[in-house]
Every structure is written in structure tokens, then in C-alpha cells.
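Number of protein chains: 2
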Amino acid sequence: MAEQPVQADQLHAMRHSLAHIMATAVQHLWPEAKFGVGPVVENGFYYDIDLGETKISEEDFPKIEAEMQAIIKSNLPFERSELPIDQAIAWAQAAGQPYKEELLNDLKRAGTTIAKDLNADELGTIAEGDAQIENVSFYKDGDFTDLCRGPHVESTGKVGAFKLMRVAGAYWRGNEKNPQMQRLYGVAFATAKELRVHLDMLVEAKKRDHRKLGQELDLFVFSDMVGSGLPLFTPRGTVLREELVNFSNQLRQNYGFEKVWIPHITKKDLYEASGHWAKFGDELFLVKSQETSDELVMKPMNCPHHTRIYASQPRSYRDLPIRYLETTTVYRDEKTGELGGLSRVRSITQDDSHAFCRQDQIEQEIDNLLAAAHEFYATIGMDLRVRLSYRDESDAYLGAPELWASAQEQLKKAVVSNGLSYFEQEGEAAFYGPKIDFMATDAIGREHQVATVQLDFVMPERFELEYVSDDGTKKQPVMIHCAIMGSVERFLSVYIEHTAGKFPVWLAPEQVRVISVNQEPATLEFATQVQTRASELGLRIVVDNSNESVGKKIRSAELAKVPYTIVVGEKEIASREVVPRIRKDMAVMDVQLTVGLEQFLGTVANEAKARVLKTSL
Amino acid sequence: MAEQPVQADQLHAMRHSLAHIMATAVQHLWPEAKFGVGPVVENGFYYDIDLGETKISEEDFPKIEAEMQAIIKSNLPFERSELPIDQAIAWAQAAGQPYKEELLNDLKRAGTTIAKDLNADELGTIAEGDAQIENVSFYKDGDFTDLCRGPHVESTGKVGAFKLMRVAGAYWRGNEKNPQMQRLYGVAFATAKELRVHLDMLVEAKKRDHRKLGQELDLFVFSDMVGSGLPLFTPRGTVLREELVNFSNQLRQNYGFEKVWIPHITKKDLYEASGHWAKFGDELFLVKSQETSDELVMKPMNCPHHTRIYASQPRSYRDLPIRYLETTTVYRDEKTGELGGLSRVRSITQDDSHAFCRQDQIEQEIDNLLAAAHEFYATIGMDLRVRLSYRDESDAYLGAPELWASAQEQLKKAVVSNGLSYFEQEGEAAFYGPKIDFMATDAIGREHQVATVQLDFVMPERFELEYVSDDGTKKQPVMIHCAIMGSVERFLSVYIEHTAGKFPVWLAPEQVRVISVNQEPATLEFATQVQTRASELGLRIVVDNSNESVGKKIRSAELAKVPYTIVVGEKEIASREVVPRIRKDMAVMDVQLTVGLEQFLGTVANEAKARVLKTSL
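Protein chains in written order, with this note's numbering: chain A, 272 to 888; chain B, 272 to 888.
Only chain A is shown next, with the shape it has when bound in the complex (with noise of 0.2 Å):
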């Protein structure tokens, strides 16, 4: 009989009730242990735990993953309890629980207000309701009791499976001045299978890490003295940016796009008139001039400044679509967290357009924009979907009701046309119009948010933008973002992790490598033939005429995933024939054939030029 799957909250609670029973068992192993906050999180959960001088370290892990066996073992049921708050706090005061007892304080004098001041997991452990606080919830497994909101799964016994993965320091309520504490992460899910299925996920991804490969394949590096989250490309690796930068471009090209150019600065006028600076002056970069009175700051978005480009000059009903496009980079003043990644970065080159077209447009620009954006994922081989963002009832968004159940009816007409796989999301739209966000699916299943197309009814307005219609009024552009990557650093983490390195020939930024069995002058001679034969035809192609045998020369081909690798001697000059070594996700069969020099570098080169995607990833 097939399994029932469990629903999200069913396996929510398991997770919620994991922390509780890592919490019991490491109050069981270190009765002196201090408790902070312990939510799900995605695939797991965690807790904050502070044990004073004690450190719990990973080899710490079996003996505490032991203890909640044990626990788990003996099915207690989770018992709910009320208290109120005063009574509350005397028990964390009792139990010698001081961050318990913080939150019971805060909470108490604050009511549900204390929400601003902890996220939404910390906040969910502790109190419902929004109004003045009465009693408070906790629930009980065995000897552990916990404040807590719940819910809860019935018994210990009913987890699922679960793995205890790593410990790191976090301070108290995210406060570098407060205590710091240790953070224990696990994951879970309802059955051994899917926990086995994710952690096999863990052990490929590790593998893939875009971090380590990024070294190994020398695609970019990260310097001291430039700061961190602000990687340097280096000649691979801008091949990888470029080429798929101008795929992204020339989709859109396609279909009446023009490239457009601005500067990375621009005083914050620009940002009071969009509305940006009262919203996130505090995130942004500013920039000081010590020559001029002049208060800049470094863009972090491009559609002001190209609003600036339509504005200059009067625009009428016949010009529109005006289809301005740009990969620009964007400054955002971010916390690095993931160092030496490109996952989260400081300097983020977006693969931006903005149209600006009439209401009676829409559906045509969205309908191009999902052609580019589909024709570019099913190049580079991952699956798509997309969630279509709309507007709910609510009166926080901007822009007429007739406006917004015109485009997205517009919007869906678009996606069903284009055959993408979607869903529909009420109360997801920005408020300044709906849009609809691609997912990209990657090889070892991970599911990343990449491209988006979103319509925005509110910067036309904020910047006055205008066209003279064919009745001859002036009437309002409607304004259409989009990226077909993003974020280029965030996707090529994406990218690099999905195929592994294994990159197809068209963005190997090598793509033939010559290997010389050896040092005579005829043999060298030849290869430079070949080199030069193969940048006539526009291929990236590297000669290894070092000294080393044969053999180290392809296992170095292999390490660096090159495409295609062949091997010149007397053989292949006398014949002008080669047996070129296929990189193995590529090869259709595990056989090596004779080809024509000539022809090989040919069919490589039409290989490259049609973008095929020959790798089985």
C-alpha cells in the first residue's frame, strides 16, 4: 500500500516537536542548559541552547541523537497547558530558564508588539492572539516543559526521521551585544526514505558546491583587499558571464529590446522621486563627493535611471513599446552572509529590461518576455514553472482595479500560451502590479527562484511618464521589469551547482583542449595548426604541450571538464585524423571514433553556435 504523504503542517509539527525532544534530550545530558528559541526551519529545525563554559561539538551529536531515540522511543504524549503570564514567569524564574523568562517580560509588556522585535519563527513559540496577553501556552514531553505556542504532534513517538547536521554560535536574539549562544540544527522528514533522499541531496551538493568548483575551474576569485560579497571573475569565468549574458540579451533583442547605458551613481533625488529613498534609503551604498555638495548613492535598481531615458524626449502612442535593456551591476548594502560565494553578493549584475508600452500591450510584451525566458531555460536543460502573483481584495495596492483585472488576465493568457507549467497566488503581486516569478529546477532537485516579469502601474505615475495617445491626450506608459537570470552571480551559483561544472560546449569557457604526446617540433607545430584552425572558426581551444605524459595531460583535461579533448602525434599528422575524448556526461555511447580534424573542429564549432545541450546532467 503507497505511503500517505503528509501534509505541510502535519510535517511542521513533527519538526516543531523535534526541537522539543533535542531540547529534552540535552537537558537530559546537561540539566544546567539554558534555553532560547527553537523553530522549524526549512527541511529541519533548530534550537539556541546555551550551556555556559560547556560546548557542545558535533561529536557530541550520537550521544544526544541516542537520548532522543530513547524518547522518541517511549512515545510520551505532548501535553498542552495555560498559565497566566504572571504565573508564567515565576515558573521560568523557578526553572532557571533567564531567556525564557526575557521573552515572558517582553511579551507581558509589550503584548504581541514584541513581534517587531523577533522573526516570526522565534515569535511562534511563544504566544497566540493579538490582543493583550492572559494566559500563556506550554507543552510538556516527560520531564520537559516549554513555553510554547505549539501545535504539536500527539506523541514523541511520532516524528518521522530526523539527523542532528551541525552546531554554530548565535547571538541571543540575533544581537551581537547579547549572549552568545550555540544554534544545533537538524533536519526531518515523515520517512526514513525521504530523509535518506535528502540527505543524499546534501552529500551531491556538497560535491557540486559553485564555491569549490569555482577554484578548481578558476571561474573567479576573492580578494582581501576588495572586501567580501565582491568576487572578481577571471578570464573563465567571464566567459561563463558573458556568453550567457549575451543569450539573455539577444532573446530579448529579438523581439525589439535595445541596449541602453547608465551610470552606478545618481544623486538621491532620484530615489525621493521613485519612492525608493523613503523605503530603503537605509539599505542603499552612499556615495561621497568631498569635491561637490552632491549626496549620492550607488544604484541598487535600474528602472529610475531609465525612466530618465524615456522622459527625455515626447513619446507618442506609435513609438510604444520603447523596450530599453541593460545587464548593469547593482549595489545593495548587504550583511554578507555566505562568504566566497556568489550566492549572496554585494555587487549584483542584473540582466534588467524595462518596456514601456500601452495597456493594450501587455499581453503581447508579457508573451515575448515568457518566450525569451523559456527559451533560455530550456537551452541551459532546467525545468520551469511559474507562479503568477495577483492582487487579493485587500486595499494595498496601487493602480485602478480595472487596470489590475486587465493585465492579469493578460498575464495568465500569456503563460497558457507559452505551455508553462504554473500556479496562480492571490496576495503575492508587489503592490505596484502583478507579476510572475519563474522557478527553475535543478539537477539534484533544488527548486531556485530566477527570473521574474513584473508589471508596474506606479513608477509611470511617480515619474510623470507619459505618451500622447491617438486621440492626441497625454496618457499614462505601463511599465514591464524583467530578468531572465536575475541576479547573473545568484544564477551562476545556481548553474555552476547544476551542472556540476559539466558546462555544455557553448559556455565551456575551453572547449577543445590539444594535448601533444610529445615535445618534437613537428608535433608542437601541429598543434598550433589546430589552435589557430579552431580560433579562426571562433573556438575556445588550449594547447597542453607541456612536458608531462600523455596520461597526466588528460586526467588534467577531465579535472578541468573540458568538452573535448584530442591528443596529436605522428599519427594525426600524417592522417590529419583524431580521436577526440568526449567528456563523459556527453558521450552518447563509450566508444571513441576517427574523425577528420577538420571536420571535428567544424561540427564543434555548429555545436557551440546552436547552443546544443548535449550533457545528460
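None of these hints come from the bench; they were simulated from the model.
Chain A stretches covered by chain B per the calculated footprint, using a threshold of three residues with CB under 8 Å from any CB of chain B:
(1) 485 to 496
(2) 502 to 512
(3) 523 to 533
(4) 536 to 544
(5) 560 to 570
Derived PhoX-like pairs (lysine-lysine); straight-line CA-CA distance at most 20 Å:
(6) A/Lys539 - B/Lys559
(7) A/Lys832 - A/Lys855
(8) B/Lys478 - B/Lys832
(9) B/Lys478 - B/Lys855
(10) B/Lys606 - B/Lys550
(11) A/Lys550 - A/Lys606
(12) B/Lys464 - B/Lys429
(13) B/Lys606 - A/Lys538
(14) B/Lys429 - B/Lys411
(15) B/Lys880 - A/Lys880
(16) A/Lys429 - A/Lys411
(17) A/Lys885 - A/Lys855
(18) A/Lys559 - B/Lys539
(19) B/Lys559 - A/Lys606
(20) B/Lys411 - B/Lys305
(21) B/Lys539 - A/Lys606
(22) B/Lys305 - B/Lys448
(23) B/Lys559 - B/Lys538
(24) B/Lys559 - A/Lys559
(25) B/Lys538 - B/Lys550
(26) A/Lys411 - A/Lys344
(27) A/Lys550 - A/Lys539
(28) A/Lys559 - B/Lys538
(29) B/Lys606 - A/Lys559
(30) B/Lys550 - A/Lys559
(31) A/Lys477 - A/Lys434
(32) A/Lys539 - A/Lys559
(33) B/Lys823 - B/Lys855
(34) B/Lys434 - B/Lys334
(35) B/Lys606 - A/Lys539
(36) A/Lys448 - A/Lys305
(37) A/Lys344 - A/Lys429
(38) A/Lys326 - A/Lys305
(39) B/Lys559 - A/Lys538
(40) B/Lys334 - B/Lys305
A virtual CB, placed ideally from N, CA and C, is assigned to each residue, including glycine.
Keeping the supplied structure of chain A fixed, place chain B upon it in accordance with the hints.
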């Protein structure tokens, strides 16, 4: 008999004497005039004058010029005299010349160390020598006496030909806290003929003013909200940028340069290491992170970043030269002078490259770069000459003298082997190495500094760059900086004026315009067919099917300086032949020939691909 050309110092004396004559005339017309300084500048002279409430306007120029001509006609001698400094001060007081008095007092107080507060021209009017001031010199022409170092021409009759050009506000000693004076500018040449040539050139230059053409041809715009010195490029201007940049890059990619990518900001640590922070720290745009304590700056150059890519791996003598290429924008916190133009901007895009090579590779590398620069300027039709800038015998230079001697010899060899017109200048090298500066002459005879190739012995040392040499020891590479256009923006300002906006086909934002003779469906359909076919061939084509007369549409294409225009109607549809209208500067003969449509489009596409320079500027 041919005129003897005047020497540079003689022309200087003429212009300086004209400044005195202008002051003399102004004193005759406005006896209350207070005088500041009156130096020689390029092509002429100026004098700063304070008339209190009265303001001189261009309407006053005829009477000032008439008075100057009278003084010239009188041929009064310039008489030199000297006074002890205290008597000179008394003279200034008695004459009611407070600005002169201030200069003399400063001079007395500080000797010539005052030089630091004044620019060289201003100082030139005051005193000579660098010891303690005793006497200061005066020059007198007629009833006007001025504190002045001289030299002057013998008498007022010997000043050649002049014309007053404009009057502008100027703060006393360039400080906005000081009183605002009026600066009267004039141009002057040894002969009336030379003056006429210069004035004609100015008329022509005005017609070609790139700010005017930038607007007329819709190439770039400025926005008050974005800020001065920060141009935004429209689709048409971006075509121009991209085509030029791609060509500049391609020429170096042919010699093995590879593109890299760096962010626009960096921690200031990078410039502390390079030494730039100490030298130029107060000229940088500082970037303030609100989220972290990082001290960041916008990059004003790319080389330090590029060294970080070089240094990210061990390098062997066999890997060299390593050649990085990147067109990227640097930001310099300049007081923006000429508003609305590209000559002086704060966002400066450089077509930059850096080669890291062994000492024995310098000549070949330089040779390659010179060939690239030579081809670039030959293709766009500007004459080049180069300055070889060497060190002198002073100790102002870093790096071993043998290295300098060898490098300078290699530079010269490369210049000679490229058949470039050159001159040599000692003492013009950078402190870090010798260089080659390229000067290009535009269509109306103005010379502009453009490309540069610079050797650098210092930065590799500061950044501890190294490679393993063939004997296994670690050695330091030499770095070669090169930019072919230099600043893309500044280059565009020169190039737009050079061509007067009549771009060759490969650079024309719009290469072909199709004009429909009427709005019949068949005509419009044919125009669209032509457009589709042209786009397939990679041409930039625009269809004008507006409801205007053919004459008006042709005029509009002429104003847009489109290289080729074709008119299509019934006849063209039937014959599939067209009679292309060729932009006048490109036409070999003043006749129009009938040609097959396909042949026409193919010819234009080939012309663009081959970067043919047909235009006679």
C-alpha cells in the same frame, strides 16, 4: 615673400601684452576698475576685472576693442621698472587696486612660497626668482601701469591680431568665498590670417558641438535627478559605445587578451596597498556602508583590482604574458566643468587592459598594442602621432635604471616598426615607468590625447606580484597598462565632433532608413519585408511609414544623418530594385543608381562588417 612664423615665446609675449592693452582700455572706459590677474591661456589671454555694481557684457566688446585698437595704433612702448616690495604695496594702495595689494602682501609675507596658492599663470604676473622678495617689476604702457613679471613685446603696435570672445564670472583666486570678478577672454594670433583660421575653426566646432549633436541625434541625455557629469546613453548612443568598444576589445583579443570582470567598489585597503590612497585619497568617491563597518571607495582605476586576479594563482614564466582586458566604468570625484557634455564626466568608462609579462617580452607586447591602436585610428580615420615619454636624469623615478634603459629602447623599436609618426620627450615619463601617448588630430585640426600605453615597474612590486622563472627563482613581472580610446565618454566627445555626427556605416546607430511613399497596405508590407531581411543581415534599419510627404521624410532622414535611405512604393515592389540615397559625405558621385534590393542590403552589410571608412570628413 613668405612670412616668418613667430616663435612660441614671442606669441606668448604678444598675448600677454594684449591682456595689458585690454586692461588699459577697460581703465580708460571704467576708471574705477579694479584688476586681478591677467595671464596667457591657450589661443589667447584673459583679465579678471571688478567693476563693482557695473557689469561688462558682450555688447561692450565693440567699444573695448575700438579702444584697444586705438592703443595699438599709438604704438606705445612697454616700459619696465622695479620697486622695492613696500613701495610697490604703497603704489597699489595709492592706485586703489586692492587685489594687487593683496597679492603683494602675500608675496612679501611668504616670498614665492605663495606659489602653492596660485596657479602658475597667476604667479607669472607677480614676481620672479625663488629667494626672499626684494624688488618687484612693473610694466607701463601709456597711462596704465601693472605689476608684472613680463616679458612683453616692445610696443603696443606689435601684438598681432586679436578678438574678444566672452565674459564670464570668476571668483577672485578661484575661491567661492572671495568676491566674484568678471573674466574677459580674448583670442590672439600673430597674423590676421591665423586669427581668421582659428575663428573659422570655432564656427565649425560650434556647429559640431557634441552636446548639440548628442541631443539632435538622440545619443545621450542628462537628468537633474541623476546629477551632473553622469550621462545616460539612449539606444542610439549605446550602439555607438558598443560598436567602438567591441572593436577596441577585438583588436586586443586578436593578440591574446582575455576579458575579466571586477566590481566598481573596493575596500580602501586595495588603494592603501597600491599607494594611491596616500596620493589621491581626497579625490575619491567614498562609499559608506550603513550595514557594515567596511570603508569602501569607488574605483578610480582598474589596475589594482586586476593584480588581484593575477595574484590568485601561482604563475610560471611559461604562462606569461597574461593579458586582461576590461571595459568598465571608473568614478572620479571631479568638479564638473562643462555641463551637459561628455568631455568631462564623473562616470568614466575605460577600454582598459593590463598585460603582465617578462622583461624580454616588453617589445613584442608593445608592438601588439601599437598595432591595435594604429588599426583603430586608421579605421575611424584620425591621424595619430605618438609621444615617447622617457625619464630624465633626476631621481624622481622608481625602478632600476638598466630596466628603464632597456624598456625605453623596446618602446622606441615598437613605435618605429609600426611606422608611427613620433617624437621623444625626456622627463615626461610617469614615475613608475616610460610611456607612449597617442595624439589624434580631428577633422578641423584639433589635436586630442587619446590612447596610452604605459609600462609599470612599481605596481607589481607594491602588490608583490611574481612568477616562477625558468631557473626556478621567483621574479617580478612588468605590467603594461593600455587604453585605446582612453575614456569612452571623452573619446565620444572628440569623435562626434570629428565626424560632425556623420558616422560610417559600421557605427551609425541607424544604417538604413526605408521611406514608404504612401500608406497602402502593399507598401507597408513591402517596407516590413525589407526591414526583416535587413535585420537578418544584422543591419540596423528603421521604417518611416508616417503619414508625411516623401520630401519631409527624406529631410528627416538627412537630419538624422542616416547613411542610406531608400524610398519604396509600387515601382520598387514590382522591380525589387531601389535607388539608394547616399549621405552626401559618403557619395562618390552625385548620381543615384538603381540597384537590386538584395544586392543593396548585402553591400551595406558587407560595408558594416568590414568597417569601411567611406566618409570624407
